[in-house]
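Novice: Protein sequences, first through last, are from chains R and X. If you're matching positions, the first sequence starts at 1 in the working numbering and goes up one per residue. If you're matching positions, the second sequence starts at 1 in the working numbering and goes up one per residue.
Just so you know, the hints here were simulated from the structure itself, not pulled from any lab data. Here the structure is a predicted model, which is why all the values come from computation and not from measurement. Be aware that a few hints might be false.
As the list claims (entries may be wrong) - Under 7 Å between C-beta atoms, here's a sample of chain R residues computed to sit facing chain X:
1) E42
2) P56
3) A57
4) E58
5) M60
6) G61
7) S64
8) Y139
Idealized CB from N, CA, C, for every residue including glycine.
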Amino acid sequence: MARLNPGSLAIAQEIISRYPVARSALIPLLHLAQEQDGHVTEEAMAHIAELVGVTPAEVMGTCSFYEMLKREPVGEYMVNICNGISCHLLGSSELIHHAEATLGVRPGGTTDDGKITLEAVECIAACTEAPCLQVNYRYRNRVSTADFDQLVDDLRAGTAGVAPHGKLAKVRQHIGDERRAGVAVPDGQAQPAWLARNPTDAESGS
Amino acid sequence: MSEPETVVNITVNGRPVQAAPGEWVIAAAERAGVYIPHFCYHPRMKSVGMCRMCIVDIDTGRGPALQPSCMVAVSEGMVVDTASEQTRKAQDGVLEFLLLNHPLDCPVCDKGGECPLQDQTMAYGPGESRFVEEKRHYEKPIPVNSLVYLDRERCILCDRCTRFADEVAGDPLITFQDRGDQTQVNTFPDLPFSSYFSGNTVQICPVGALTAVPYRFKARPWDLAEVESTYPNPMGDRVVVQASRDQVLRYQGVDSDAVNWGWLTDKDRFAFEAAASDLRLAAPLVRGTPLGQPDHSGRELVEATWGQALGRAADAIQSAVADKGPQSVAVLGGARLTNEDQYAWARLAKGVIGTDHVDAQLDDGLPADAVLGLPRATVNRACSPGGTVILLAPDPKEEQGTLYLRLRHAVANDGVQLIELTPRATGLSRLASFRLHHRPGEAAAVAAALVGGDTEAAADGDIGGVPAAAVAAAAAAIADRADQPVTVVLGRPSLAESADFTVAAADELARFANLLSAGGRPGIAFLPVLHRGNVMGALDMGLAPGLLPGRISLADGGPVLAEAWGSVPTASGAGARGILQAAAEGRVEVLILLGADPLGDFPDQKLAAEALDGAGTIVASDLFLNPSALRAHVVFPAAGFAERQGTHTNLEGRITSQRQVVTPPGTARADWAIAAGLAGRLGADFGFGAAEDVWDEISRVAPSHRGLVLEAIDAADDGVVATDSSISFAPPRPATPVPPVDAYSLRLVAARRMYDRGTLVQHAPSLAGLASPAVLALNPYDFDRVGVEPGADVRVISSAGEMDTPVVADPGVPRGTAAFGYNHPDRDARDLVDPEAVVTDLRVQTR
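Using the sequences provided together with the hints, build the complete structure.
Specialist: What follows is the structure in structure tokens.
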């Protein structure tokens, strides 16, 4: 638990190879590091800095900007209860109080068993489904206190069907050679690769 | 085809103003005398529009609207109102926001009294705060490095320091961290802002968030006496020297368009501490008995009067001249003095005593004819957009900090193509268009291929260790840009190889003159970079064998100077090495050391030690009792920077003024006065009453400086560049051959780093700890061949000596080469460099 392990490093190299400029891979690599350790360690940041050719301070600057990149250990499941205005009007504050009482932690805290970290967050863009929450960034809509208790039981039992924190499918994305951006110098006459893949109506129709 | 538009007409506060296309409104307004308050905008960095303080009413035909004047370029017909009610209200509001989290601890803040936030709040801000909530709190100052403290509570997040670190210095080790109201500037944990330029962030911080450790709580701005001056480094950085209670407390960079753009290196910025050292010499010393009685053979140095000391030195010189002739007197050093000091010593040595054994460089620079005889460039020429710079010099980041910043800016922003012709990577390598890292000693072959285009002839596709294809590509790139200036930055890339190789490479590049100057093109010019502050002044003032003041040789200038001086030496003398050899053989009766420390500073330490043993009488003029001065028979305490008036000559030949702001310690005197005092005792009256009198004589006597009066130098914004030279470049021919390197050895590159064993660094408490013992650096692929592990302690053996050192991997070192630091404390390349050989090869063994 520190720098990227050999498995992560292989994925990291693959991710870096997708980009014309290595430092563009910074955010995917931070996700990768978070997947490995559950949070982004300082050692991982320093390793990523080496891999993409920036300073660790620059990695820290980027990493600390994004709330979803955790720099401290968090529980296996992040439960983010929305406290935006729609959710608030439809009872999210009560839901948060209920969650605090149930879990025994304040927002930002992690339960003693290390399973659940509670967070109160700003609008997560599901106002029609208020009050809503996310479990490891998967939505749960129109959540009542009973729904919440059920969710907690499922999470603790491991039956909620939610992957542990840090597992983001995008890191595993495979980009085929034909879809790579390519770093060839643009030629005025050449057709761009994306146009070749997606011929316009005018071209395909005629 | 119409002429491109060169002027944009705008209106600022009702007055017509002419601006340049693309110029920011804030800059155009400021030039027109209308100051727009701002915090984040800095004319030497990219605009970011972070602070919103510079918002003003701008009308581009759609009605006035508030826009940040640092982010809006002028356009024809634009109307700017910096005094409208709307603007005033906006400024008031922005300041109220900026002050939300600002602690208002002005009474205990170093910035109080010179703080833009304080000043602008008084001028444009709300009189009272409406904010009653809790401000954010952080741990009070945290060190971002050993020189700079950061108080995050005071920070207004203007992005100046972080932009400087990234854009200007290229060391992005401080960044914005966290977001929203939690945003703070910080380093990575346990990774300090280890930049050579960190002090500049203190200078540009518009609040008291960044403070310099050496200045914290030392003075209030209104108590400071200040003068504009020139820092005595080769670049001649323009500075403001600030003092209080007769002690220099701070240097601030001055934005000189031609020179340093307001930047300074930390080494220079904080070297003022050394001037206040308790170890400064404050009274003349002579050999004496333990009871303090002067005694020529005494074992100790005892304080004496100026009369005694001058008399002792003059007697020694007189008897030496009488017994063994003037050639038995020699002068070493003087490269750190002012032009006036140098002239006075040159006149004393060459005009009064009659010896030409005078050398300001200690065998670690370049011959005077390579500096004065080649077409000379200015820094602005080197940095002119679209040009080409060939770096045939040591790493400017280590040795010429502000030149590095200028070059870095030019390469990163102005499309200057950089061609590195160096034996290893430098601080500019990441930005270089071509990195021709040759085998040590073989720069000339690469240079010849660059000029001659004869790159296909190389049998194994390799010229001096550089792939022929890379040389060919660089040659083509130079040819492509031949209509733009080509500038060679010329210095000694390595002190482990003979200067002849650098001179030979310069000789090859000088052949470009014919190719590149055709058809009115700007052609090629050279920017010499040498070690020691005013070494260019020393060459101009004749402190070199065979030279006289005014860039003229002894042969050509003899009649001119003889008229003014009475006489000049008849024969050319020896350089530093020759002088020390003569001293070691007992042929030097009087050795005069002008701020020179051969024991600590001469490449061949064995020879230096023998020379000091063999010299008859040693006379030293210095700031500190350095190891060589400790061996002297007479020591004069000299006045240093900011303690005397004078002028300085930088690497361009630019002459600018230095001014006195504090008194020298004790009875220390300016060197010109010491030289004049000695001359008086030797029967010659120089008639100098002040430094201005010396310059007056220089401007009458020295051919290249004739008519260059002080008033003209001071009236010009950036001083005056002296361009005349009657020296011609005469490289040794045939060139010295480079011996082949055997398969078991690595060829040594030895170069200085910024923090070294130098006198000022070691006497400045804040800087002394930054100098570290040297470590050996090899290419990562050479470890297997040599049979050692990275990080291991190894034994290094050369023909001159052996040493134990850690070895590290450095991809910037080419294969087959080993890099080691020069003039480092404890472990130093000098113990390995073979002074007799033209290159030094190393064997590396496990211990």
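Novice: Hints first: check each against the structure and report whether it holds.
Specialist: Okay, the hints, checked on the actual structure:
Restraint check, E42(R) versus chain X: the minimum CB separation of about 6 Å is within 7 Å; hint holds. Taken as an interface hint, P56(R) checks out: its beta carbon lies about 4 Å from the nearest beta carbon of chain X, inside 7 Å. For A57(R), the shortest C-beta to C-beta distance to chain X is roughly 4 Å, which falls under 7 Å, so the interface hint holds. Because the beta carbon of E58(R) sits about 5 Å from the nearest beta carbon in chain X, less than 7 Å, this interface hint is met.
For the restraint placing M60(R) at the interface with chain X, the shortest Cβ-Cβ distance is roughly 5 Å, inside the 7 Å limit, so the hint holds. Because the closest C-beta pair between G61(R) and chain X is about 3 Å apart, less than 7 Å, the hint holds. Because the closest C-beta pair between S64(R) and chain X is about 4 Å apart, less than 7 Å, the hint holds. Because the beta carbon of Y139(R) sits about 24 Å from the nearest beta carbon in chain X, more than 7 Å, this interface hint is broken.
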